[in-house]
Structures are given as C-alpha cells and as structure tokens.
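Q: So the protein sequences, as listed, match chains A and B. For the first sequence, the numbering used here gives the first residue as 1, with consecutive numbering after it. For the second sequence, the numbering used here gives the first residue as 1, with consecutive numbering after it.
None of these hints come from the bench; they were simulated from the model. Here the structure is a predicted model, which is why all the values come from computation and not from measurement. Hints are not guaranteed to be accurate.
[Claimed, not checked] Covered by chain A, according to a simulated footprint, are these stretches of chain B (three or more residues, beta-carbon under 8 Å): (1) 26-36; (2) 125-139; (3) 177-190; (4) 246-253.
[As the list claims (entries may be wrong)] Across the chosen pairs, the derived CB separations fall in these ranges: (5) B:Ala131 - A:Pro397: 46 to 56 Å; (6) A:Thr102 - B:Met263: 20 to 30 Å; (7) B:Ser114 - A:Tyr233: 15 to 25 Å; (8) B:Leu41 - A:Thr107: 24 to 34 Å; (9) A:Lys193 - B:Thr91: 50 to 60 Å; (10) B:Val102 - A:Asp381: 41 to 51 Å; (11) B:Leu41 - A:Tyr233: 31 to 41 Å; (12) B:Pro147 - A:Asn157: 44 to 54 Å; (13) B:Trp155 - A:Lys287: 20 to 30 Å; (14) B:Val106 - A:Asp381: 32 to 42 Å; (15) A:Gln86 - B:Val106: 27 to 37 Å; (16) B:Val106 - A:Tyr233: 31 to 41 Å.
Beta carbons are placed, not taken as given, at the ideal position from N, Cα and C, and that holds for glycine.
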Amino acid sequence: MSFPRSGASPRRRARASAVALALGMALLGAACVPGTDGSGAGSGGAGDATAVPDPSKEGKVTLTVWDQEVRGGQNAEIEKLNKEFQDKYPNVRIKRVARSFTDLKTTLKLALSGNNPPDVVQANQGYADMVAFAKAGMLTPLDNYAGIYGWNSRYPNTLLDLNRVSVDGMNFGTGRLYGLSQTGEYIGLYYNKDVLEKAGVEPPRTWAEFTAALPKLKQEGELPVQFGNLDKYPAIHTFGVLQDQAADGPGQIRNTVLGKGDGFDNEPTRQAARTLADWAENGYLPKGANGTGYDDAAKKFAGGDGAFLLTGTWQLADLKKQMGGKLGFMPPPPGKAGEPLRTTGGQGLAWSVTSKSRHPDVAAAYLEHITNAHAAEVMMDEGVLPAVPGKAAGRAPEGSPDRQMVEGWEQLNEDDGMVPYLDYTTPTIFDTLTADLQGLLEGSLSPDKLVSKMQEEYETFREKQSGEKADR
Amino acid sequence: MLYVLPALVLYTLFLLIPLGQTVWLSFLDWDGLTVATWAGLDNYRELFTDPALRAPFVHALVLLLFYAALPVAIGLLLAAALSRFRVRGMTFFRTVLFLPQVLAMVVVGVAWRSILAPDGLLNDVLHAVGAGGLARSWLGDYTWALPAVGIVGTWVETGLCLVLFLAGAQRIPRELYEAARMDGAGAVREFFTVTLPGLRGEVAVALTLTIVAGLRNFDLIYITTSGGPGNATSVPAFEVYRRAFEVNEVGAAAAMGVGLTVMIFVLTVVVARLVEGRKS
Numbered sequence: 001m002s003f004p005r006s007g008a009s010p011r012r013r014a015r016a017s018a019v020a021l022a023l024g025m026a027l028l029g030a031a032c033v034p035g036t037d038g039s040g041a042g043s044g045g046a047g048d049a050t051a052v053p054d055p056s057k058e059g060k061v062t063l064t065v066w067d068q069e070v071r072g073g074q075n076a077e078i079e080k081l082n083k084e085f086q087d088k089y090p091n092v093r094i095k096r097v098a099r100s101f102t103d104l105k106t107t108l109k110l111a112l113s114g115n116n117p118p119d120v121v122q123a124n125q126g127y128a129d130m131v132a133f134a135k136a137g138m139l140t141p142l143d144n145y146a147g148i149y150g151w152n153s154r155y156p157n158t159l160l161d162l163n164r165v166s167v168d169g170m171n172f173g174t175g176r177l178y179g180l181s182q183t184g185e186y187i188g189l190y191y192n193k194d195v196l197e198k199a200g201v202e203p204p205r206t207w208a209e210f211t212a213a214l215p216k217l218k219q220e221g222e223l224p225v226q227f228g229n230l231d232k233y234p235a236i237h238t239f240g241v242l243q244d245q246a247a248d249g250p251g252q253i254r255n256t257v258l259g260k261g262d263g264f265d266n267e268p269t270r271q272a273a274r275t276l277a278d279w280a281e282n283g284y285l286p287k288g289a290n291g292t293g294y295d296d297a298a299k300k301f302a303g304g305d306g307a308f309l310l311t312g313t314w315q316l317a318d319l320k321k322q323m324g325g326k327l328g329f330m331p332p333p334p335g336k337a338g339e340p341l342r343t344t345g346g347q348g349l350a351w352s353v354t355s356k357s358r359h360p361d362v363a364a365a366y367l368e369h370i371t372n373a374h375a376a377e378v379m380m381d382e383g384v385l386p387a388v389p390g391k392a393a394g395r396a397p398e399g400s401p402d403r404q405m406v407e408g409w410e411q412l413n414e415d416d417g418m419v420p421y422l423d424y425t426t427p428t429i430f431d432t433l434t435a436d437l438q439g440l441l442e443g444s445l446s447p448d449k450l451v452s453k454m455q456e457e458y459e460t461f462r463e464k465q466s467g468e469k470a471d472r
Numbered sequence: 001m002l003y004v005l006p007a008l009v010l011y012t013l014f015l016l017i018p019l020g021q022t023v024w025l026s027f028l029d030w031d032g033l034t035v036a037t038w039a040g041l042d043n044y045r046e047l048f049t050d051p052a053l054r055a056p057f058v059h060a061l062v063l064l065l066f067y068a069a070l071p072v073a074i075g076l077l078l079a080a081a082l083s084r085f086r087v088r089g090m091t092f093f094r095t096v097l098f099l100p101q102v103l104a105m106v107v108v109g110v111a112w113r114s115i116l117a118p119d120g121l122l123n124d125v126l127h128a129v130g131a132g133g134l135a136r137s138w139l140g141d142y143t144w145a146l147p148a149v150g151i152v153g154t155w156v157e158t159g160l161c162l163v164l165f166l167a168g169a170q171r172i173p174r175e176l177y178e179a180a181r182m183d184g185a186g187a188v189r190e191f192f193t194v195t196l197p198g199l200r201g202e203v204a205v206a207l208t209l210t211i212v213a214g215l216r217n218f219d220l221i222y223i224t225t226s227g228g229p230g231n232a233t234s235v236p237a238f239e240v241y242r243r244a245f246e247v248n249e250v251g252a253a254a255a256m257g258v259g260l261t262v263m264i265f266v267l268t269v270v271v272a273r274l275v276e277g278r279k280s
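In isolation and in its complexed conformation, chain A is listed as follows (with noise of 0.2 Å):
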C-alpha cells in the first residue's frame, strides 16, 4: 500500500512505474500456461495390485492425511481408528493434518496441485471438487480396491455411486470409483417433545400429519419450525426435502441432480417453492430467519423456542447434549403410513486416494480400516452415523434419537429414498439457488421465478458440458 505521504517524488514514482511495467512484461513474455495437463498426474493406475495389500510389508511409511473431521465425535473417532492402525502397523506412521471444511475445501487445490501432495484427502463429491480432481487425474481409481476389499458389496449403490466420475471427466455417479465415505448423513426432523406436548401435537407419522400440526401449533403460539438461514445453505436443504416430498419417488430429482433426469422445471420443484414461502408467509418459519445463523437457530430450538427443526443428522450430537430426553428425531415422515420413506442426503466427504501417492496399497487398506464394521462400531459409540452400520446399529439404546437415526439410515437405504444434496447439480448451483431462496423466503423472488432460475441455471450447464464433449 502507497499512500500520498510516503515521500518519494511524483517523478522518481513515474520511473518506478515503468520499472514495474517492464518486469510485468517481461513476466508476462516468460509465463507459461498453468495447470497439469494430466500426464504429469500420477499413472492412474493402482489397478497392479490382485491381493489384499499388506501393509507391515512395506517398509517403514508416512501416511499424510488430510481431513475436516474437526468436530467432538468425529474428531475422537478419527483419533482412535488412527491409533488402532498404528498399533496395528508398527512400521506405518500416520501423519494426520485436521481442518474445518471450508478451509480444507480452499486448500486442497493446491495442495493435490503440488509436487508432494497428502496421500489421504477427503474430497467433496460434486462438479466443483471431486469431479474437477478426477478430471485433472489427480486421484487414483479405487475400483480394483473395491473389488479386492468387497466394497462394492458392502456399500448401497447410491451411496457408492456418489463418489464416481465418469472416464472421461464429464460426469459423476456413473463410472470410476474416487473415494469412500466413512459416515451417512440425511436431512431429518428434530422435535422438542416438551413443545409438541404443551401444544396438545402428537409427532407426526406422516407427511400429513407434520403439515396439519404447523398451523395449530402457530395457534397455540409456539414456533413451528425453528430455522436460521443467514449461511445461505440451510434453506437448500429444506426445500430439497420439500422437492422430495412433492415428487412421486425419489428417482426423479436424483436423476436431475446426477445429469439424466428432466431438470427443475416440473411440478415438485415448483410445489417446494410454493410451500417453503407460504410457510414464510404464515409465519411457520420465524421472521426475518436471513438474517439468523444456522447455529443460532439450532440453539434457539435446544432452548425450546420452536417445535419442529429440519436438518442434518451432523446436528444430533450436539442437540441431544443440550436437550437430554426433551429431543425427538426422526426421517422426514412417509406420505402414508409405512410408506418408503425418503429424503435428501447421502454421506460424508469421500476419502480418496492421490494419484501421486507412493503407498497407495497402505491407503486403501487404511481406507479399508476406517470403513469395515470395527470403525462403525467405534463410530456409533461416538454418536456418529456410520455409512454402514451393519450390527453395531444396535449399540444405541431402543427408542433413543441415535437409535433412530440410524433405523431411519437403514430404512432409507432399503427403500432406496435416498436424494442427493441439490448443489451436486451444477458447478454454480450452490450459490445461485442459496441466493435465490433467500430471495423467495424474503418473497422477493416468486415460486415460478425460482423454478425457472433453476431450470436456466441447469440447462446452461447441460449445453456447456455438451459443448466441451463435443470438443473433445
């Protein structure tokens, strides 16, 4: 920074000027195009090894790991797995490098970009993270991993497919494996039984009944549905559940957020957008909620100010701390009645495997340990949901929120209900529905707009994707 009274003359500065014009150009002259063209990425391969690998064999080994499990459960249960993989491997050292999502997530660029990348990173599933990872040949293809290890058989498909890119880059949910995810995750209904009873409400069985209890508990004069949506995210994850409801089954937005369905123009995106502003509108959802946090708004709910809460299973832990035996939780309830259930969700970021590794065999065993039914034991003792839960659902006491979050993991699974999140759909999609629901619930934005916001947002990138196909 310069300013006016650092002295030096106007013309020494008009001098210096062009000194600095001159190192620019020739700068510019000197620069060569940035970015890996793919062939100075790692082979790709890993697609040598035919056994189970073993890692006390190799020798004495670094691992860097690089994760955002930063949070109390998931932190202590990242730590103890690791410690249990040392002990297990003497000669294996895991060098574990721990950041919050955000920072993980601008970090990670350039550190795959370098020549001495972590061996272990957790990739974000989606154009803007995964996808762009692959399409650099950045990350190894685990498939030959998935077939040794039989993760193909112990993961549900629509988890597994999540963390695929197509082989040529294009496309994800179809194709090579990039990455497993070590924990499941849903959007689900939070209630506080204390305000739910004080209003004469009974938790809903049904989609109907949840519907029918907001204006009543408006009439009582409780806050239906406690909600904070200054971060801009939550709001997607409430209409995507809305969307999900409005839909006849759950393969119709999940197609359009994986590249093969018919977009957001139709009838339950347009539904969703209706409802989530009526419920503005009627004051089902707090007041001026764009300008409360998404943090403030889940302790407003521990507090007991609001009934209902429509997030995350990330959120469990914490609510159960604050809330003891007041706490409900369920999966967004079914249409009828033992109905499948469905909802958006899907699993924590995939830990993949860096194409520049020197140990992939000690990574995808590793990969292997922090996934096998041990680690979703560990999991669930630390109030994680596992991806697979497997036995150790059973852990969690009857009737407790955990136990229900993990029957309802399950059942979503077996019913095949699981939706991706929506900001999968596109690079940019993120940040223009966020910005555009803020504007609806504000009712700024009408419903039809939003919709066809989404459709425009969606189909440019359909014909940018196709374009680059055709270029190539």
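Position chain B relative to chain A; hints supplied.
A: Okay, now just chain B, sitting in the frame of chain A:
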C-alpha cells in the same frame, strides 16, 4: 540505487510478480486444476456486461460512503469539537474510539452479527425505546443488509480518522484560531477557515486508508452475510475468493481482482490530486 535493491527485490518478489501473474491469469480460462486455455479479453468483457459481476462494484461504491465519507465527516466534527473544549479523560476516549482498529475484523464481524440479529442488541434497544416498528432482520433484509454492514465499517474507521485529525489539529498554530476569533469568526467559520485547511493532509491520508480498507473489505462480508441475502452485499474482494476457490473460475476471479486493483489505484490518485492538492 544500491541501497534500495533489497527493498526492490522484496517488492518484486511479493508484489510485482504476483500482480503480473494475476494479470496473466485474467486472460485465461482456467479451473485451477486442468490445463488452461486462452480467453483473451473475455473475462474483462464479462466484467462489464454481466450484471452479476458488475453489482459487487456498485455495492463497494455504496460501502465507501460508510467506510470513508462518514468516518471522515464524523472524525472532523469530533476533532473540531474536542480541540475547542478541554475534555477530561481524553486519552481514555481516544483509546476507546481507536479500539475497533486494533480488533481483528473477524472478531468485529462475529460481534456485530449478534448485535444485528433479529433478536439481537439493536432490535432489543429499539423495542425498549418504543421504536419496535423499526426493528427488523438487519442482515437478512434486502434493503438494509448493505447499510447494516456499512455501519460496522463506520464504527471501525471513525476511531482511526479521529486520532489522525486530533494529532493534526494539535499542529495548527494557536495564533490562527486567535486571529480568526479576533475577526469575529464563530465556531462554524473557524472550522472552515482554520481547522479544515490545516487538516488537509490528514484528511487525504484518512480518505486513502479508509477507501482502501472499504474496497478490499472481505472478512466482514464473509463473516456476517456471505454476500447475502441473495447477492445484496456481495463485494469484489469476496467475489474474487468465491470464484477462485468455490466455483473454480480462476480466470474470472483474476480479472475481477485486476478490476479491483485498478479501482483502488484510480481512487487513491484522485484523492491525492483533489484533496491533498498534488500535481504531477
């Protein structure tokens, strides 16, 4: 020439080279990972034609009212008043008013986020004094979010301006004030004929510092609104970050960064010319 060499080397290494790289990137179409392609002036063309890219610059200009104009005006008023009357505990007030400058912007952001919340301090006060009708969700309101963030800037920058002006006012010879009074000048006249011209240099410094602070405002937006509601508070510095790291449009982000640099440069030159009265 030799004794400026070390400084020049550092300057080149950490300023000129990155600047040159940014300019270079702005002519490319690059996702930050795969091989980049030449984009020519496309990124700049979009900067001027795409309303979504233009809006942040407009917001930044609005914010300058709150970051630069208001603090300088308030600072001048306070400085004039304080230099006229002897105030007990002056050092204490100066410290308190300067305090926001010392706090990390992140801390400021978190504190104001809770003050401006729907059930935050500001609305509580409004309700308490019977002006509950004015209470609103400040950061979630399309009309009020930008001014609300701006007021935080005013709060931060006013202390800096005041301290600068107070120091400057002490250098103004007492005789000038006496002469003005002798000629029968009132407080207002005295301010415009003695204090303001005497503080010309300080005003230029204050304007430059606050304009630069206002234009590169990133942390406050990041913490309080993330550019929302909608895109009502998005500013260039925040957009650069978002495009480079979240949407993988490094070229467009670089073009925006260059645009921001040019804007800051032009405004500081204007301040130097007009306010400080420099001629080349």
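Q: A separate judgement is required for each hint: does it hold in the structure or not?
A: Results of checking the hints against the structure:
1. 26-36: holds (count 8)
2. 125-139: holds (count 4)
3. 177-190: With 0 residues closer than 8 Å to chain A, the stretch 177-190 of chain B misses the three-residue bar; violated.
4. 246-253: It holds, with 3 qualifying residues against the three required.
5. B:Ala131 - A:Pro397: 46 to 56 Å: The hinted range 46 to 56 Å holds for Ala131 (chain B) and Pro397 (chain A), with Cβ atoms some 51 Å apart.
6. A:Thr102 - B:Met263: 20 to 30 Å: Given about 27 Å between the Cβ atoms, the range holds.
7. B:Ser114 - A:Tyr233: 15 to 25 Å: holds, 20 Å
8. B:Leu41 - A:Thr107: 24 to 34 Å: holds, 31 Å
9. A:Lys193 - B:Thr91: 50 to 60 Å: Once the Cβ atoms are compared, 57 Å apart, the range 50 to 60 Å for Thr91 (chain B) and Lys193 (chain A) holds.
10. B:Val102 - A:Asp381: 41 to 51 Å: For Val102 (chain B) and Asp381 (chain A) the Cβ distance comes to about 45 Å; the hint holds.
11. B:Leu41 - A:Tyr233: 31 to 41 Å: Taking Cβ atoms as reference, Leu41 (chain B) and Tyr233 (chain A) lie about 34 Å apart, which means the hint holds.
12. B:Pro147 - A:Asn157: 44 to 54 Å: holds, 51 Å
13. B:Trp155 - A:Lys287: 20 to 30 Å: holds, 26 Å
14. B:Val106 - A:Asp381: 32 to 42 Å: Given a distance of about 35 Å, which is inside 32 to 42 Å, the answer is holds.
15. A:Gln86 - B:Val106: 27 to 37 Å: The hint (27 to 37 Å, Cβ to Cβ) holds, given that Gln86 (chain A) and Val106 (chain B) are roughly 36 Å apart.
16. B:Val106 - A:Tyr233: 31 to 41 Å: Check failed, 20 Å falls outside 31 to 41 Å.
The structure does not agree with the numbered hints 3, 16 stated previously, though it agrees with the rest.
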